[in-house]
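Visitor: Kindly generate the complete structure, drawing on both the sequences and the hints.
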Amino acid sequence: MSSYLELTARQRIPALFDPGSFEEFLPPSARIVSPHLAQLDAPVSFDDGVIVGRGLLGGQVVFGAAQEGGFMGGSVGEVHGAKLVGMLRRAIDEQAHAVLLLLESGGVRLHEANAGLISVSEVMRAMLDARAANIPVVALVGGANGCFGGMGISARCANTVIMSEEGRLAMSGPEVIETASGVEEFDSRDRALVWRTTGGKHRYLLGDCQVLVPDDTAAFRAAALQAIAEIRAGSASLSLEGLLAEQDLLARRLRDTAGLPDPVDVWRQLGVPDPAGVPMLDTDAFMQLAAPHRAGGPR
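Last residue of the sequence shown? That's 303 in this note's numbering, and every number before it is there in order.
Where hints are given, some of them may not hold.
[What the hints assert, rightly or not] Cβ-Cβ distance ranges computed for the label pairs, FRET-style: (1) 234 / 94: 18 to 26 Å; (2) 10 / 285: 17 to 25 Å; (3) 125 / 238: 23 to 31 Å; (4) 285 / 93: 36 to 44 Å; (5) 258 / 29: 38 to 46 Å; (6) 253 / 39: 21 to 29 Å.
If you are wondering where the hints come from, they were derived from the structure by calculation, not from laboratory data.
Every residue gets a Cβ at the ideal spot worked out from N, C-alpha and C, and that includes glycine.
Guide: Okay, here's the thing in structure tokens:
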């Protein structure tokens, strides 16, 4: 068993794609760096914190990207975002079998705020364009930095989100919420609360992620292969019916969870037996317990 959480972006790519098949676009040797960071005396990375390219996954041509949480928390700036958008557009042009996004990001890079915001909006548009072209888009969230901000929104633009319990997914990170609304609203130092609120188990129960796997690279790979096959067997494209179902899911969530102060209360509302014991369950036991009670379903 190999921990996905403990791997870097450059270790995750060869661990997920078929051996020796991944071709990186704009590798570090190309020296494509952010034009803004040096002006602020900030460090640069020669891949700007993201790897993009294409390879084989189960023998099929799949385009992929992996964000490096170790560089500025995987944050998105101008070059970082442009690499993601370019990869997605090339996947459409070449009619890829699928797109695999290994997301680990705190959101927009504050050093490049305006450029980063624009980049994230372009990433979301490109993801939806890929889906409109019947190319499955699958997002994996299992890194130590989680997936927050604009990339948290982007993740939900994918056909399928695959998470581990250790992964975290939300719009605003715990520190951001605490800064904006005070520690009484959300204590970012309460790690148990953070994982109850943003972790994979909660996101699975709410329907924000479609698959929950152990923190195991092989499990992520197997889940990605299965998700791609299921999407292609159905339809990868967007539909009005799908959007209306998503809107209905969100409306029911607001109605059913209004006034509930803790995720444990939400789980109880969903009918989960012994909700207080959920954090202690391993993934297999949790899935057996949770599957009948989760909100939503396949997208």
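Visitor: Decide, hint by hint, whether the structure agrees.
Guide: Tested hints:
no.	hint	in the structure
1	234 / 94: 18 to 26 Å	holds, 24 Å
2	10 / 285: 17 to 25 Å	holds, 22 Å
3	125 / 238: 23 to 31 Å	holds, 28 Å
4	285 / 93: 36 to 44 Å	holds, 41 Å
5	258 / 29: 38 to 46 Å	holds, 41 Å
6	253 / 39: 21 to 29 Å	violated, 41 Å
Hint compliance for this structure: hint 6 is the single one not met.
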